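A.B. asks: Now for the letters of each chain:
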Amino acid sequence: MSFWVILKIAFRALNRNKIRSVLTMLGVIIGVAAVIAMVSLGAGAQRQVQEEIAAMGTNTLQVWSGSMRSFGTRGGMGSMNTLTAEDFQAIQMECPTVKLVSPSASTMAQVVFGNQNWSSRIEGYNEQLPDLRNWKIVKGSFFDATQVKAAARVAVLGQTVANELFGGSDPIGQTIRVKNLSFQVIGVLDKKGYNAFGRDQDDVIMTPYTTVQKKFQGGVLYVQSGVVGAVSARATYAAQEQITELLRQRHKLAPGQDNDFMVRNLSEVAETADATNRIMAGLLASIAAVSLLVGGIGIMNIMLVAVSERTREIGIRMAIGARPSHVRVQFLSESIVLCTMGGILGLALGVGAAIGISEAMEWPTLVSANAVFISIAFSAAIGIFFGYYPAHKAAALDPIEALRYE
Amino acid sequence: MAETMLKTEAPLSASPHLEAPSPDVVIQLRDISKTYDTGEVRVEALKGVSLEILRGQFVAIMGSSGSGKSTMLNTLGCLDHPTSGTYLLDGVDVSTFSAAQRADIRNKKIGFIFQSFNLLPRTSVWENIEAPMLYAGVSKAERARRIEAVLKVVGMPEKAKSLPSQLSGGQQQRVAVARALVNEPAILLADEPTGNLDSATSGEIMNFLQNLNREKGITLAMVTHEHDIAAYASRVIHMKDGRIVSEDLNHHPAAG
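Taken in order, these protein sequences are the chains called W and Z.
Everything in the first sequence is counted per the working numbering, starting at 27 for the first residue and increasing by one.
Everything in the second sequence is counted per the working numbering, starting at 75 for the first residue and increasing by one.
These are calculated hints, taken from the structure and not from any lab test.
One or more hints might be untrue.
Claimed, not checked - With a cut-off of at most 25 Å between alpha-carbon atoms, the simulated SDA-like pairs for lysine to any residue come out as follows:
(1) Z:Lys121 to W:Glu427
(2) Z:Lys182 to W:Trp30
(3) Z:Lys235 to Z:Ala218
What the hints assert, rightly or not - Under 10 Å between C-beta atoms, here's a sample of chain W residues computed to sit facing chain Z:
(4) Arg336
(5) Arg343
(6) Pro350
Treat the numbers as computed from the prediction; the structure is a model and nothing was measured.
We treat Cβ as the ideally placed atom computed from N, Cα and C, and that holds for glycine.
Could you put the whole structure together from the sequences, leaning on the hints where they help?
C.D. replies: Listed below in structure tokens is the structure:
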């Protein structure tokens, strides 16, 4: 019996009971869709992390004050107030692997323009920030060294803030009120999008760090953190050492005493995030794979029921000349066809879901050819594996008993 | 349906000393026994049966339940294999064939007609008749040719696309006959072919089978418990307790 005839018989049999066939496929469809969607989200997140590192400049480091800082907390809970702007000046001058620095001080505030208001992060930096973070200005300009020195009340808006407060109109030259102080808008930042941790990077207002210190932090002279740009990506590890050594010296730390600061190599951070993402993705994919397995078990159960219900039919086929191998191949091919079709439909559904989620939540997705191939191959394999036992049972029927079956 | 039957007590196997059957012998059973041994119970369904059926004969096998006639049919049809003895079908010894080999024999040498028609459900007449040829590996063009030919023989060319549920009992049985004929078997085996039909349709079907036998020379063996139906055959074999106990030759088979 040729391959095509086998396929034809299988399709005809499945077509005879369309509803049952669709319901049987459902498990596989959902399983594959889940796997594809999860894996795509995971891959997309991974790629975005990598892109962000590249965008941020793989040669960036962050220096935080305080030693016991949990990852991700920002905004001034340094247990020690020993980090200063002068520290950063020294780092720039005395560490040969360091090219750019900016101290940073930030706070959250209500920002008002006319009858629009918006709650946003106010991040204070110096004039080197755009180079440090590879972040261009699309309108107006960033603040300069003079304005930093003068703690001028100037603001550079992220795209989200600009849209919220000004809609489509030009914010340059306008006055906004930040915590009831008036600031002049001098620039708008380029769009950056959401970062790997789900935060809107465009929801920010930048101003000189000196302004933040003076106007929002009560005139303190210390900073919570700062950004450092090494001369190259490879130099970051050397830079990390040099900065540590310099700060220990400046802060007069005795040998054996803990650092009262932390130097974080952003590549290191990115790698951790990458690893975390990978674990998450793996976890999600495993769960989805389990659902695929459950789908397979469902297939086996339904096929067993089908064999039982079609006992008479199997008897008739045997009477007119079907060998046990013919019967086995028929049911096996029905199972494989069901699962493979389920896999293809699940693939379409999964890709659709991934794209949908991607559009709705602005999370990145990446549908790889690998994932496509593996899920289709896997569904066919499930068809073979879980279809085998029912097919075997069908082939083992005694024709005489089968013909008697009611 | 008048019947004139000559009752004889003639020996039942035509030529017990025949070693190699002539081409005219379609079926030769030699001392066939079938025993079902389930461990607790031992049933001897057939006890040393010998029988010859010649090409072109129309044989009826009669007996009450437990006589072994069903087992006889299953053995003749290669649905089951004998415990001992030899079965030569169209010159080939099928007694010790494997399940796969028996399936091939059923496919190519035997056509079944059942009491409950046993058409593939929700499958068109065309696809029902086509089915045995798919297992035989017949080409698509040849399949179409044979289906059309056989539909003409059973007088239902316009019903090719109908489903069994849309056909009457008589029509379904005729489709079953068509399916049985399509691989040009050596013998048609019928198990109570009119059991599910009313008397008028029964008569039609039996006439039809008789015509097949007479005009096309198709060999037929039929199991029945009804004398009226057995009367259509030219040879009636009586079974009791797993043995053939008598045989009648019917020189004036029923008509009507």
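A.B. asks: All hints are to be evaluated individually against the structure, with a verdict given for each.
C.D. replies: Quick rundown of the hints versus the structure:
no.	hint	verdict
1	Z:Lys121 to W:Glu427	holds (22 Å)
2	Z:Lys182 to W:Trp30	holds (22 Å)
3	Z:Lys235 to Z:Ala218	holds (13 Å)
4	Arg336	holds (9 Å)
5	Arg343	holds (7 Å)
6	Pro350	holds (6 Å)
In summary, this structure violates none of the numbered hints.
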